[in-house]
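Chains as they are written, first to last, in numbering that gives the first Met the number 0: chain U, 0 to 298; chain S, 0 to 298.
What the hints contain is simulated information worked out from the structure, not anything from laboratory work. Treat each hint with caution, since some may be false.
Identical copies go unnamed one by one, so any copy, or any two together, can satisfy a pair.
[Claimed, not checked] Keeping only pairs whose Cα atoms sit at most 30 angstroms apart, straight-line, the calculated DSBU-like set for lysine-lysine is: (1) Lys249 x Lys28; (2) Lys108 x Lys249; (3) Lys107 x Lys284; (4) Lys284 x Lys28; (5) Lys249 x Lys284; (6) Lys28 x Lys49; (7) Lys201 x Lys108; (8) Lys201 x Lys16; (9) Lys249 x Lys107; (10) Lys49 x Lys249; (11) Lys284 x Lys201; (12) Lys16 x Lys49.
2 protein chains.
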Amino acid sequence: MPSISPSLAAAMADAVKAVGDTLERILPKSDYPESKLFESMRYSALNGGKRLRPFLVMSSARIFGVADECAQRAAAAVECVHCYSLVHDDLPAMDNSDLRRGNPTVHKKFDEATAILAGDALLTLAFEILADPRTHEDPQVRCKLIAALARAAGANGMVGGQMLDLIAETTQLDIGAITRLQRMKTGELIAFSAEAGAILGKASLQHHNALRAYAHDLGLAFQIIDDLLDAEGTEEETGKSVGRDAKAGKATFVTILGAERARNQAGLLSEQAIQHLSVFDGRAKHLEDVARFVVDRRN
Amino acid sequence: MPSISPSLAAAMADAVKAVGDTLERILPKSDYPESKLFESMRYSALNGGKRLRPFLVMSSARIFGVADECAQRAAAAVECVHCYSLVHDDLPAMDNSDLRRGNPTVHKKFDEATAILAGDALLTLAFEILADPRTHEDPQVRCKLIAALARAAGANGMVGGQMLDLIAETTQLDIGAITRLQRMKTGELIAFSAEAGAILGKASLQHHNALRAYAHDLGLAFQIIDDLLDAEGTEEETGKSVGRDAKAGKATFVTILGAERARNQAGLLSEQAIQHLSVFDGRAKHLEDVARFVVDRRN
Numbered sequence: 000m001p002s003i004s005p006s007l008a009a010a011m012a013d014a015v016k017a018v019g020d021t022l023e024r025i026l027p028k029s030d031y032p033e034s035k036l037f038e039s040m041r042y043s044a045l046n047g048g049k050r051l052r053p054f055l056v057m058s059s060a061r062i063f064g065v066a067d068e069c070a071q072r073a074a075a076a077v078e079c080v081h082c083y084s085l086v087h088d089d090l091p092a093m094d095n096s097d098l099r100r101g102n103p104t105v106h107k108k109f110d111e112a113t114a115i116l117a118g119d120a121l122l123t124l125a126f127e128i129l130a131d132p133r134t135h136e137d138p139q140v141r142c143k144l145i146a147a148l149a150r151a152a153g154a155n156g157m158v159g160g161q162m163l164d165l166i167a168e169t170t171q172l173d174i175g176a177i178t179r180l181q182r183m184k185t186g187e188l189i190a191f192s193a194e195a196g197a198i199l200g201k202a203s204l205q206h207h208n209a210l211r212a213y214a215h216d217l218g219l220a221f222q223i224i225d226d227l228l229d230a231e232g233t234e235e236e237t238g239k240s241v242g243r244d245a246k247a248g249k250a251t252f253v254t255i256l257g258a259e260r261a262r263n264q265a266g267l268l269s270e271q272a273i274q275h276l277s278v279f280d281g282r283a284k285h286l287e288d289v290a291r292f293v294v295d296r297r298n
Numbered sequence: 000m001p002s003i004s005p006s007l008a009a010a011m012a013d014a015v016k017a018v019g020d021t022l023e024r025i026l027p028k029s030d031y032p033e034s035k036l037f038e039s040m041r042y043s044a045l046n047g048g049k050r051l052r053p054f055l056v057m058s059s060a061r062i063f064g065v066a067d068e069c070a071q072r073a074a075a076a077v078e079c080v081h082c083y084s085l086v087h088d089d090l091p092a093m094d095n096s097d098l099r100r101g102n103p104t105v106h107k108k109f110d111e112a113t114a115i116l117a118g119d120a121l122l123t124l125a126f127e128i129l130a131d132p133r134t135h136e137d138p139q140v141r142c143k144l145i146a147a148l149a150r151a152a153g154a155n156g157m158v159g160g161q162m163l164d165l166i167a168e169t170t171q172l173d174i175g176a177i178t179r180l181q182r183m184k185t186g187e188l189i190a191f192s193a194e195a196g197a198i199l200g201k202a203s204l205q206h207h208n209a210l211r212a213y214a215h216d217l218g219l220a221f222q223i224i225d226d227l228l229d230a231e232g233t234e235e236e237t238g239k240s241v242g243r244d245a246k247a248g249k250a251t252f253v254t255i256l257g258a259e260r261a262r263n264q265a266g267l268l269s270e271q272a273i274q275h276l277s278v279f280d281g282r283a284k285h286l287e288d289v290a291r292f293v294v295d296r297r298n
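Please work from the sequences and hints to get the whole structure.
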């Protein structure tokens with residue numbers, strides 16, 4: 000499998016910088032001295048990360064010629080939702096993780112109450128960002144973004160998937176259930192990220208659907224590689240606790256398929272994702288490249 | 000102080016029924032068998048409650064002739080946010096409450112992880128409801144509702160207030176800080192509820208502001224009475240754990256002002272709230288009545 004191409008590396012670095020700057024501007028700053036709420040929100044959201052979802056928003060927006068500020072604000076909103084989900088998933092009552100991106104998780108750095116509230120505030124902020132006219136001049140577009148993000152993040156999307164993931168610790172799931180779980184837990188938000196550019200650009204239904212299909216395959220490939228890294232990676236490489244699934248006796252793509260078939264499956268999904276982009280006649284080069292990169296990553 | 004008037008009682012019962020029916024329709028139903036997510040969301044949101052915020056939304060909407068379905072959906076969204084905040088505030092890492100409205104709190108009935116996720120999903124659902132065209136045909140109105148709700152509920156509103164409330168357990172706050180805390184923690188969402196009718200009805204700025212001012216005074220009066228009930232009420236009367244503030248050595252309106260001055264202050268705020276409604280020339284009768292009721296309630 001190919002390693003990261005120079006043009007993809009540059010585009011991803013651009014997205015990291017742009018979304019970081021946007022979040023830096025948007026996140027609240029001067030808190031009451033005793034309150035750690037704003038500090039914990041910033042700790043969570045400005046603490047590195049691959050910014051895969053913002054990259055997908057910005058790359059898909061570029062296909063339709065969307066203005067940079069609009070794309071960056073939508074990207075920041077998605078990242079707020081992603082960060083909130085990490086903060087809550089890491090809590091002791093959930094995955095009980097101490098490390099995230101090589102640093103203490105929010106409840107370790109601050110405390111549990113602060114982590115719960117920081118997550119709540121980041122989720123709320125995401126919708127505040129999208130409702131703002133600076134995200135798009137057309138309120139119809141803003142409402143569509145909000146509705147799609149809420150569906151992707153809510154009880155039938157990410158939150159529902161996290162609930163199934165907790166059940167998976169005590170119930171033996173089959174490959175169909177695992178696929179459904181992962182589609183909800185990570186796939187829907189990744190799909191929204193790719194679709195956001197189409198919503199911002201008022202794209203045709205065909206283009207919408209192509210991006211959603213691409214992102215669903217990409218999301219699943221991404222998750223399979225996550226499972227592989229949890230099974231085979233080190234804390235130094237990944238920057239987070241590893242070996243957790245095996246320790247919990249949890250069914251994953253890797254425990255069910257074995258490492259080799261899992262890796263092959265991720266490769267196939269990546270190729271399939273790229274095929275969905277053929278409607279864009281080469282205007283979705285970054286999205287093609289990232290589908291290759293996702294299955295080749297080490298963290 | 001007067002007890003509840005027959006017409007207010009009927010209007011409040013109508014609001015309880017209408018928002019209950021609306022939530023019943025909107026809340027997700029058929030979950031995966033092992034998942035308790037939908038069940039816990041419904042347990043939280045359909046579990047009684049005074050529905051004060053929905054009542055404010057519906058009463059303010061009526062002033063401007065807003066269609067019932069629009070008002071009821073906006074009311075349901077506010078109630079989702081209110082219920083999520085109760086579920087998270089009750090968590091062991093926060094207020095650690097076992098009882099809510101006379102029943103076990105969500106983390107007691109289910110477990111902590113489910114409570115965290117049910118709260119997350121209810122918050123997300125609130126924005127999904129507001130972004131839906133059935134809430135208002137004009138997307139500009141929907142965006143305004145979403146922006147205002149997100150501001151009221153977020154880091155500079157309800158969540159920020161809850162953070163300050165946690166700090167109040169270890170830091171001695173003065174009356175100014177307590178007032179600010181309560182304005183953020185409960186006042187902003189109550190203010191949004193009253194303003195929602197004005198947004199739905201595309202009211203003038205003067206009418207917006209009158210409703211906000213009314214609701215801010217009402218919210219503070221409401222909170223003072225809450226503190227009094229915590230200090231003087233019984234679990235049987237209030238349906239929740241009482242005496243918690245005193246046990247925690249926490250400063251409240253009652254510990255700072257004493258019970259009598261606190262009650263007087265609530266009465267004054269209630270009268271002041273009613274004065275703000277004079278611009279409506281008697282068309283806000285229910286809102287006037289509820290301001291009297293709030294300071295007279297026993298739970």
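Right, here's what the structure says about each hint:
In this homomeric assembly, Lys249 and Lys28 come within 30 angstroms of each other (Cα to Cα) only across copies, at 27 angstroms, whereas the closest approach inside a single copy is 40 angstroms. Taking identical chains as interchangeable, the C-alpha atoms of Lys108 and Lys249 lie at most 30 angstroms apart whether they share a chain (27 angstroms) or sit on different chains (25 angstroms). For a Cα distance limit of 30 angstroms, the shortest separation of Lys107 from Lys284 qualifies neither inside one copy, at 40 angstroms, nor across copies, at 51 angstroms. Neither within a single protomer nor between protomers do Lys284 and Lys28 lie at most 30 angstroms apart by alpha-carbon distance, with minima of 37 angstroms and 41 angstroms respectively.
In this assembly of identical chains, Lys249 and Lys284 lie within 30 angstroms of each other by CA distance neither inside one copy nor across copies; the values are 36 angstroms within and 59 angstroms between. For the homomeric pair Lys28 and Lys49, the shortest alpha-carbon distance inside one copy (23 angstroms) is at most 30 angstroms, but the shortest distance between copies (36 angstroms) is not. In this homomeric assembly, Lys201 and Lys108 never come within 30 angstroms of each other (Cα to Cα): the closest approach is 42 angstroms inside a single copy and 45 angstroms across copies. In this assembly of identical chains, the alpha carbons of Lys201 and Lys16 lie at most 30 angstroms apart only when taken from the same copy (26 angstroms versus 40 angstroms across copies).
Taking identical chains as interchangeable, the C-alpha atoms of Lys249 and Lys107 lie at most 30 angstroms apart whether they share a chain (24 angstroms) or sit on different chains (25 angstroms). Taking identical chains as interchangeable, the C-alpha atoms of Lys49 and Lys249 lie at most 30 angstroms apart only when both belong to the same chain, with a minimum of 26 angstroms there against 43 angstroms between chains. In this homomeric assembly, Lys284 and Lys201 come within 30 angstroms of each other (Cα to Cα) only inside a single copy, at 20 angstroms, whereas the closest approach across copies is 45 angstroms. In this assembly of identical chains, Lys16 and Lys49 lie within 30 angstroms of each other by CA distance solely inside one copy; the values are 11 angstroms within and 47 angstroms between copies.
The structure fails to meet hints 3, 4, 5, 7 from the earlier list, while all remaining hints are met.
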